[in-house]
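A.B. asks: Letter by letter, the chains look like this.
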Amino acid sequence: MKNFSGKILFLDRSDINTDEIIPAKYLTESQKEALIPYCLEDLVLPGFDPKRDVAGKAVIVTRRNFGCGSSREHAPWVLEYNNINLVIAVNFARIFRQNMFNCGCMAISLAEEVIDEIFSVFAGAEADCSTDLEKQTFTISNGKETKVYPFSIGAFDLELVKAGGWVGYADKKY
Amino acid sequence: MGKTVAQKIFDSHRVDVPAEGVSVLSLDRVFCHEITTPIAINDLVSRGLDRVFDPTKIKAVIDHVSPAKDSKTAEQGKTLREWARRHEIKDFFDIGANGVCHAIFPEKGYVRPGYTVIMGDSHTCTHGAFGAFAAGVGTTDLEVGILKGVCAFREPKTIKIQVNGSMPEGVYAKDLILTLIRDLTVNGATDHVIEFAGPVISAMKMDERMTLCNMAIEAGGTCGICYPDMTTVEYLWPFIKDEFASKEAALEAYSAFLPDEDAEYARVIEFDANTMEPVATFGNKPDQVKTVREMTGTPVNQIYIGSCTNGRLEDLRIAAKVLEGKKIHPNVRAIVSPATPLIYREALKEGIIAIFMDAGFCVTNPTCGACLGMSNGVLASGEVCASTTNRNFNGRMGKGGTVHLMSPATAAATAIAGEICNSPFFRG
Chain A
1 MKNFSGKILF LDRSDINTDE IIPAKYLTES QKEALIPYCL EDLVLPGFDP
51 KRDVAGKAVI VTRRNFGCGS SREHAPWVLE YNNINLVIAV NFARIFRQNM
101 FNCGCMAISL AEEVIDEIFS VFAGAEADCS TDLEKQTFTI SNGKETKVYP
151 FSIGAFDLEL VKAGGWVGYA DKKY
Chain B
175 MGKTVAQKIF DSHRVDVPAE GVSVLSLDRV FCHEITTPIA INDLVSRGLD
225 RVFDPTKIKA VIDHVSPAKD SKTAEQGKTL REWARRHEIK DFFDIGANGV
275 CHAIFPEKGY VRPGYTVIMG DSHTCTHGAF GAFAAGVGTT DLEVGILKGV
325 CAFREPKTIK IQVNGSMPEG VYAKDLILTL IRDLTVNGAT DHVIEFAGPV
375 ISAMKMDERM TLCNMAIEAG GTCGICYPDM TTVEYLWPFI KDEFASKEAA
425 LEAYSAFLPD EDAEYARVIE FDANTMEPVA TFGNKPDQVK TVREMTGTPV
475 NQIYIGSCTN GRLEDLRIAA KVLEGKKIHP NVRAIVSPAT PLIYREALKE
525 GIIAIFMDAG FCVTNPTCGA CLGMSNGVLA SGEVCASTTN RNFNGRMGKG
575 GTVHLMSPAT AAATAIAGEI CNSPFFRG
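Protein chains in written order, with the numbering used here: chain A, 1 to 174; chain B, 175 to 602.
I should point out that these hints are in silico values taken from the structure, not numbers from a laboratory.
None of the values given here were measured: they were computed from a predicted structure.
The C-beta atom is built at its ideal place from N, Cα and C for all residues, glycine as well.
Treat the hints with care, as some may be off.
To be verified - Derived coverage of chain A by chain B (criterion: at least 3 residues anywhere in the stretch with Cβ under 8 Å from a Cβ of chain B; other residues may be distant): (1) 14–20; (2) 26–32; (3) 148–161.
All chains should be modelled from the sequences, with the hints used to inform the complete structure.
C.D. replies: Right, here's the structure in full:
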């Protein structure tokens, strides 16, 4: 199973699309590793610098409709290969969300007011997220303040996370 | 309680329920292109699983960058081509026979009412125009589809959009879908199927229905669906005539996939088409839509007519009617990309290609090309394109470029004026 804990990258915007996460011109790469330098390259977000802000992060916290647009699984891959295996948002585009779980990664929805609180308490400074998949909680801390947020994950999604993705699961079962 | 179209298709294709609310469906079609399939192929090979579930149900095409523009795209084409040969996938469309996937596969009659279709491409929702459940998926779902012929979906909820009245002259399917996306917003239909119903949809040709369903994803929708009717049967008839004694018999069989009268919808939206007018997008999201009247005078550098949204024969005919006997403005350049070789041939026969060329358009071979900024009309920083494509995301057609989405009629009128303006067919 993948790692779902570590430093948080806060992306304070809704409707971040897969063209912003990984521009189409890099879809000619046939090795996933080759995508690593281009993560979030075209993201429109004042103050955000992909070269500076992605390194060392393990979790993205963002707003609504993350991953909308193209079906390209290169979007989850570029996150995964930058060691970001967990995105927390109000909600996700369907294909992106499914692609995350299909790779054994997680796209977890929290209520809008919870996301609002995480942003207001923790964004703007260094913060860590510790994920407990058994208890289904995120513990977010900035050293001064620590808060625990429960989440829920569907039974099928959890199976995929445990199986490391859909190919392994489907090959055994169908 | 009655059932929606998607519920009926799920019921007829469900092979497993791995958890509550999740269905694994058997697939009638797995469509493949050279951008998202090669990584799936390579992964299957590396796992020792280089097999396909049924070569007759898999259809493949090189379309996104065609012909190859560099070594990397050449390698992608090669991987797909060799895989298709290795597994005897007969319906593989290589350079010369190839067209934009969501135009060429319907044209070949591969999609039927009640089918389940996946492809590693978000605009797969286009095929719902035939009354099918067709959904874009990622490479991993595609990989499992190729190997096992199944795909997992959460149980679909459905939004029904009833389009009443009739469309004013000079207003097209593209205007309708952009207006609907404006109202739904970019995630208003997430995890939902959209059924398009009502007299306006019934009156639409298949080309128009495909334009409509094509952009369901821009509201977050899993699939757009139009009900199979005699228009659907007429379109499919050359491919199904041996299966049915008559067109009426075909229609009766396909009627199994109409929704029940008491079907349960998450939402029903009534829309009055009578008051519509041509629209275009501003900003970087497909729900940022204004009337062309409000956008009039917006300067552009490039006009692009093509793509899986609006590169079909009907689109080219309408644009050519606007362009006939006219020249594009000296300050702009214009590109038309017929979506398939058949469309290209028909457009040649009808004199449409000559009209485009006389007007000053560059005519390209069928390809996805500039729509996603991969080739054939990429924008420079600061440039603006009036485009019949489907996405105006930041950088979509080239880093630093801006895209205004619109109908072929508006795009053609814009090419002549050099700035956004309504076509002469709209007299609102």
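A.B. asks: For each hint, tell me whether it holds in the structure or not.
C.D. replies: Here's how the hints hold up against the structure:
For the region 14–20 of chain A, the proposed coverage by chain B is satisfied: 4 residues have a C-beta within less than 8 Å of a C-beta in that chain, meeting the threshold of three. Counting residues of the region 26–32 of chain A whose beta-carbon sits less than 8 Å from any beta-carbon of chain B gives 5, enough to reach three: the coverage restraint holds. Chain B is given as covering the region 148–161 of chain A, and this holds because 4 residues of the stretch bring a CB closer than 8 Å to a CB of that chain, at least three being needed.
Checked against the numbered hints listed earlier, the structure breaks none of them; every hint is satisfied.
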